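Visitor: Chain by chain, the residues:
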Amino acid sequence: MPIVVNLDVMLAKRKMSLTELSERVDITIANLSVLKSGKAKAIRFSTLDEICAVLSCQPGDILEYMNEEEYNKLFGSK
Amino acid sequence: MHKTYSMRKRRVSILALAIAGLITTFLFIMFKTITAVSIGSIEDGGTTVDLPESDTAFGGLFYTPRFNDSLPHYQYRHLEDSVSKVKAELELENRSVGGDGMGVGLFGVYAFDRPEKHSYREWLIRESLMRMDSATIKADQRMAAATNKDSIEKIKKQLRDSLDYYKRYYEKRIAIAAKGKDQYYYIGIDGYRLDRESKFFIQNETYQLAYVKWDTAKTNPTSNWEHGHYERKAIPVRYSAENERVLVPVTKHQYDALRSLFYVLWFVFLVGALYFFVGIPVQVLLNISRGLAFDENNVRYFRVIARLFFVFGLLYLFGPYILNLFLRIIVPADFKRAPFTEGLSTPCWLFVLSIAVFITGKAFQKGNTMQKEQDLTI
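The listed protein sequences correspond, in order, to chains A and B. Counted the way our numbering counts, the first sequence spans residues 2 to 79. Counted the way our numbering counts, the second sequence spans residues 226 to 603.
Isolated chain B (complex conformation) (with noise of 0.2 Å):
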């Protein structure tokens, strides 16, 4: 009897639909939570911080300078330039932008050069150029004031030994202030952030944190309003708001040996997911192009890979809050992990693929079962 399309059985499974619709009712729930958390605040009320912009005690976070109005033009924009300057300079510092280093997961070491090296080895350059522009400048003086050409070639023998004098001298003193300490050396972990109010900065070389503290908390029938204000307390790591990340301040001896550690832990990696990732599944699908699709060897590369992805996962999702744990002796604790809920996809994806390698795995095993009873019928 030919089946018209409306008598053809389509079949759904029920089981992918409950998981499907689990799935989707804890996600929800998870999303209506962080919503209503994240705007809790302003429908119950409001806060204010009072924002020190007259003290220097914190660093120039928040210290706005007042110009004279009455200045001229001209020197009131190179004033207001220059402060620009300056605290994007500071900005920078305090945001730790421009570190160098390497990391592998989690950690890794960065060194940072210090800016007065910079500052220093540039006054040193502009200083020989002044000199030595002064000197030609004296010596065309001089020589437009001679009257023959033995004085000429004289006083251009003199400008030209004066030249290679100053060149030789501050060449000297650049190399000098070269050696030395330059570099700040830290060991830095990632995944960490502050409050939206606190602020990290440095002064003085010495690391510090801008918090707010709330002073009051009034409540009354339609609103509650925290007023706060800054105060500042020297913590021992430096902070990267940049990159999320803690840096804990290390010798350059130690800084050099972790460096060595990490370029092989990163070798390794490297290897390891080569391996495992790349060169298991080439080799999976050459066994399968000779014929040895169903081999015991591919079951087993199967499950090492979705053993592997799912471990990978875990590690993901919970790693950084086991760590925290143990990091809790260095990091202060005003340092927070970022929420549960955030970076849950990466995770998810991995067990997502370590099921769908797993179910590959179980299919060629059942495979394999079948392909040996059908070796074994004679």
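Pulled out of the complex, with its shape left as it was, chain A reads as follows (with noise of 0.2 Å):
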């Protein structure tokens, strides 16, 4: 899926453990790891909003778009 979620990027960034966002954003930990994985479908509206208010980001620092070519050679194809 050419959408790449960022999540890690941003923690690291923040200082923070995927425990600690878990807690602050009221998502479990499993949800939070299905996101930063890139296994999740869809994420709502009001979910990527508590996850930008508590790293304090844009949707875009999170989410990245990425060409079919280019996400096939970083992750390989599935």
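There may be inaccurate statements among the hints.
Here are the simulated SDA-like pairs of lysine to any residue, each with C-alpha atoms no more than 20 Å apart in a straight line [stated by the list, open to error]:
hint: 1; chain 1: A; residue 1: Lys40; chain 2: B; residue 2: Asp600
hint: 2; chain 1: B; residue 1: Lys591; chain 2: A; residue 2: Ala43
hint: 3; chain 1: A; residue 1: Lys40; chain 2: A; residue 2: Asn68
hint: 4; chain 1: B; residue 1: Lys561; chain 2: B; residue 2: Pro461
hint: 5; chain 1: B; residue 1: Lys561; chain 2: B; residue 2: Asn549
hint: 6; chain 1: A; residue 1: Lys14; chain 2: A; residue 2: Gln59
hint: 7; chain 1: A; residue 1: Lys37; chain 2: B; residue 2: Asp600
hint: 8; chain 1: A; residue 1: Lys42; chain 2: B; residue 2: Asn549
hint: 9; chain 1: A; residue 1: Lys42; chain 2: B; residue 2: Lys597
hint: 10; chain 1: B; residue 1: Lys597; chain 2: A; residue 2: Thr29
hint: 11; chain 1: B; residue 1: Lys374; chain 2: B; residue 2: Ala364
Bear in mind the hints are in silico, worked out from the structure with no lab data behind them. Fair warning: this is a prediction, and the values are worked out from it, not measured in the lab.
Each chain sits in its own coordinate frame; assemble them with the hints.
Guide: Laid out in structure tokens, this is it:
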């Protein structure tokens, strides 16, 4: 899927762990792991809103579009 | 804006209408075809067949004895009743009524009693009763003529000894008669019928077929008439007109082996049917009640059941005709399968069920996909 989730990059920048984010955003660690690993199919605006508020960032800092070729080069074709 | 009834749009599926129209047209054409064939011979002319009423060569099928009208009424009726009874028994034998057996699908194994066996046993029983009655009557006459008590006691003891002797003697003979070949054994193949004029009969323990040989076909501007007479030929199989079943003779050993096999097949078929058509639907309902409605297992179950219904429909429709190609080695060509258009209703229902379950499975598959997406929506 060509939409890449850079949640781990933002967490590293803000020096925050997944567990802490999970407590502050009130989403389970399992769901955040699904989001971080790129397996999520969709994200609600309300969820994106809460994550951006806690990490003090823009949606574009977390979500990045890559074309199919670049994505396959980076992550391998599935 | 409040819509009135007349303004609401009614949606009718054009595709469903088209399918309904096509199938109705097909069935209408089939109906007209069958009707035209069945009344064709009456419109064209007719047929006459000589019935060999005085000929006993056809196992009594057509034979009608003539009684002397000058006989006393009670004798005439007695003869008439006896002949009717014999004809009824022959009819039962020729129609192969009374067999005992079991089957799975088109095939089965059957055993028929030898009629001679029953009548011999009945004769032995009648004979023993007659002898005992005769001995009792003679003893009563002697006791009536006896003058003293000792003589009467002696006669009573002799009577008791005689009755015991006759009872033991005839029980032994009946037991011996019960041994030996008592039944005929067959493999049964269902779904065969003869032409309307052809008749099966048994004569001297051989299987015979009486069929019409058409002699002349006259043509004239107004009508066609065909005239025929009956001929007979020996065939290797027995036929049950009641069940439209061809019976192929087998040995007792083969019958016992096949009977065991049929028991196993019947059991396997029953377990399979209960698993797929009762167990799996119950499992689906349980899954739904547990909140796992759009589970992948449910989708798979629907697919399996839909395929099974479809396969059974195909087997029901085409199986007998495909099997017939191989069975022609055993079954004479005089026995024919029912026309294809007969018995269409059961496979049609199976196909409808298959489609309904398939559509339900597709809906559940869509639900499964949507549920997965929902589960992966953060």
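Visitor: Can you give the numbers of the hints that this structure goes against, from lowest to highest?
Guide: Hint 8 alone not satisfied by this model.
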